[in-house]
Amino acid sequence: MEPDDTTLQFDKHGNLRHLISLRGLTAELLTELLDDAEGYLTEAGALPARDESLAGRTIGNLFFEPSTRTRASFDLAGRRLGADVLNLDVNTSSRKKGESILDTIYTLEAMHVDIMVVRDAGDGVPAYIARHVKDHVSVLNAGESDVSHPTQGLLDLLTIRQHKADFRNMTVAIVGDIQHSRVARSASEALQIMGVGELRLISPPALAPDPERFPGARIVDNIAEGLKDADVVMALRIQRERIGNLDGVPGIDEYYANYGVNHENIKYAKANAIIMHPGPMNRGIEIEGALADGPRSVITRQVTNGVAVRMAVLNRIGKMMDAR
Amino acid sequence: MEPDDTTLQFDKHGNLRHLISLRGLTAELLTELLDDAEGYLTEAGALPARDESLAGRTIGNLFFEPSTRTRASFDLAGRRLGADVLNLDVNTSSRKKGESILDTIYTLEAMHVDIMVVRDAGDGVPAYIARHVKDHVSVLNAGESDVSHPTQGLLDLLTIRQHKADFRNMTVAIVGDIQHSRVARSASEALQIMGVGELRLISPPALAPDPERFPGARIVDNIAEGLKDADVVMALRIQRERIGNLDGVPGIDEYYANYGVNHENIKYAKANAIIMHPGPMNRGIEIEGALADGPRSVITRQVTNGVAVRMAVLNRIGKMMDAR
Amino acid sequence: MEPDDTTLQFDKHGNLRHLISLRGLTAELLTELLDDAEGYLTEAGALPARDESLAGRTIGNLFFEPSTRTRASFDLAGRRLGADVLNLDVNTSSRKKGESILDTIYTLEAMHVDIMVVRDAGDGVPAYIARHVKDHVSVLNAGESDVSHPTQGLLDLLTIRQHKADFRNMTVAIVGDIQHSRVARSASEALQIMGVGELRLISPPALAPDPERFPGARIVDNIAEGLKDADVVMALRIQRERIGNLDGVPGIDEYYANYGVNHENIKYAKANAIIMHPGPMNRGIEIEGALADGPRSVITRQVTNGVAVRMAVLNRIGKMMDAR
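Protein sequences, first through last, are from chains A, B and C. Under my numbering, the first residue of the first sequence is numbered -2, with each subsequent residue one higher. Under my numbering, the first residue of the second sequence is numbered -2, with each subsequent residue one higher. Under my numbering, the first residue of the third sequence is numbered -2, with each subsequent residue one higher.
Source of the hints: derived by calculation from the structure; they are not laboratory data. Fair warning: this is a prediction, and the values are worked out from it, not measured in the lab. Watch out, some of these pointers could steer you wrong.
The list makes no distinction among identical chains, and a pair is therefore deemed to hold if it is satisfied within one copy or across any two copies.
Here are the simulated DSSO-like cross-link-like pairs (lysine-lysine), alpha carbons at most 30 Å apart as the crow flies [to be verified]: (1) Lys267 - Lys131; (2) Lys264 - Lys131; (3) Lys131 - Lys225; (4) Lys9 - Lys225; (5) Lys316 - Lys225.
For reference, chain A alone in the conformation it holds in the complex:
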């Protein structure tokens, strides 16, 4: 999303219409979305929360990149709000036939699919789509290249808020392949909006981000320094194919020792630090399995929150649609 695209996300009444990026959203809006998401949480084993706020509407899940968990999360979120959800694996059909993304979108639009959930490996694709759809259509970014994954940012924010009192006095450490991580980007944006005390980004120098993409964050290459007194430790997934192959990226053992969150380096964080991971995990590479399964891990909580924040966003968009 270009700097001047922030306004793209709102309709003329100032209501959230698309969710492409968290950038430019207010702390007030994020807080409302998290509050709404809390309303969609029920106990494990209880029936999941449902309402009919999207009854009669159709959601198209357009995943140009494969995904099990994010797609399932959006699928369940939409169905639990009463929507018809159309899952389209666009790799396997239209693109093979050479159809352009916009033609796919126009086709779905013409079928009364009025919420498009889009995952794409291309930078700028969700905003591009949002700029071209008809007035009645909303676009949700479900993962865009290394740029943005806003519902992941929201679920991370909700998870942190559930466990830690105040963003302003908090230290959050994100560890791993920061450079290629849309998860780190959206989490950082969300945390900065909420006025996070300190945000540290820890990675091997070869995977360090462009500092301009993470304004206000401290970029660190030593994990002990990075985790010191952290309240929140978020490990990122690393693409296995990058390990040991990318210039300056160590092999698995060395990566795990120096940039995997493990029982040795977690000691530097606060004793009550929570441990996060967006999944799917490479246990023994970016995170030690015992920590992922341990008492401080909030990783499955993140998944639960993911459905809830997606319901909150979808519900809000449904209300905006109903108000027209």
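Position chains B and C against the provided structure of chain A, taking the given hints into account.
This is chains B and C only, laid out in the frame that chain A set:
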């Protein structure tokens, strides 16, 4: 479908039971289906039309050829009528295991799937299935080789009827790979039933059809001549692999210049001619992008009509089933 | 499933919680499940049976091995009980990313998927999952290596019960690749629990099973001897790649002559013997097409019963959940 198979499509009370081909259907029946389809149209942005005419019934979408748009269209049509829709990608599983088509059909039949929507690359497959299913099962052809695509023919007919007054005084020009086009076949059949004034089929000689397959149509290889004073211009998708490879089929630039519908040759058509395409489009090959997106294009309208005619057909079949 | 895992399948009140294997279940429980399944049968052409016993619940179909028919059967069973069914083709996404099975399960659990239907090529996977899920989650085995396929066993049992009076005076012959057949295992277990009169397992010596896996069965390599006076003849699917390649397994023609159920050897069975096959069939290899389609075949009946027994099992698990 063999000539003597027309009756296959009706039950003993004369009600439509299968939709394999438009051949042999009456203008009265087509008109009723289009009228019913009109009832399923709502404004863009409004909730799509729904009813419960298939509540409790199960539709099986059996796509032996990949498809995004037609499958999505049938999927939404079925769900908006209250049916359970089972999407089966039959390539990937049973056929790998060597199961015959009929055994797949018998299996679904035994699971109470009583409407089978079938797309297959094989000539005659939908009729073959229709001849073998139990009395309570209906078969809808969703695209059969180069032979038939009846719901496409209906949606094309509806789109034309919405824009032009009278089929009898109308000139329709279909341009492209006529020889391999089930879309052209079904559109031609539909138009002939409605007594179309003049039907012209324009293609390079190498892609011209067997005239016996298009009785009453005029076969032309010059696009200027073919489009002259046309009320309706329908461009067909060409398989990219045929261009420049098939004997006598020109390369992309020459194809576009001579058989692509573009701003130069569209001048030959009437000033208010509508422009159609079944999708997915190869922009810059069989159609100029600016025309596809321009004011005379009814291409997204075709998509909207596609859901509506499928709902009309499904609803009619549901009523036939309820009457038993 | 290990010998001491029988108790794994029940909750502390003795209610069925997981269905991993039929081993250790009582004749009383099997009878109740079959009786419940009978209640879900309706005539062909009538609307399928439905209730809302799983309304609000979410079922995850986790097929790590491809399957059309079993997945469709569980999908329809779940939907006809009012559940949301999430179909996950786990091959194509998470496993590619190196996610462990348990992490996939934990993820779904966290999304309030509380019934997991699992098919896997690995021995012990369903029990392994059942031992690791949270208290509120149930696991149904939908096909496990060559070990177990309990809902198939139940549908076979129901089909036999519908056609034959009394298990105690019955001779059942199972023919084919017994060694690799989870279908044979679960059918045998079900029949032994019901006190079957005589159970014969017929195969080429190279495909004969370990006798310890089939206690009480008679292992035979001559089909005439094996089918003699049988009341029930069940042909098993053979993997085509095993024929003529596995040491001691004859080529197709010889296999069909000696181990295919055909019009010559069926004469040895009782005149009113029923003929079964789990599907998908290799006609002309393990079964003669004319027999599969003939009056004694109950093969499509098995498919219908499959949906019904899955509904019965799911309904029972839903009741167990509601009682918590």
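Taking the hints in turn, this is what the structure says about them:
1. Lys267 - Lys131: between (49 Å within a copy, 29 Å between copies)
2. Lys264 - Lys131: Between. Shortest inter-copy distance 29 Å satisfies the 30 Å Cα cut-off; intra-copy 52 Å does not.
3. Lys131 - Lys225: neither (49 Å within a copy, 34 Å between copies)
4. Lys9 - Lys225: Close neither inside one copy (45 Å) nor across copies (46 Å); limit 30 Å.
5. Lys316 - Lys225: neither (44 Å within a copy, 50 Å between copies)
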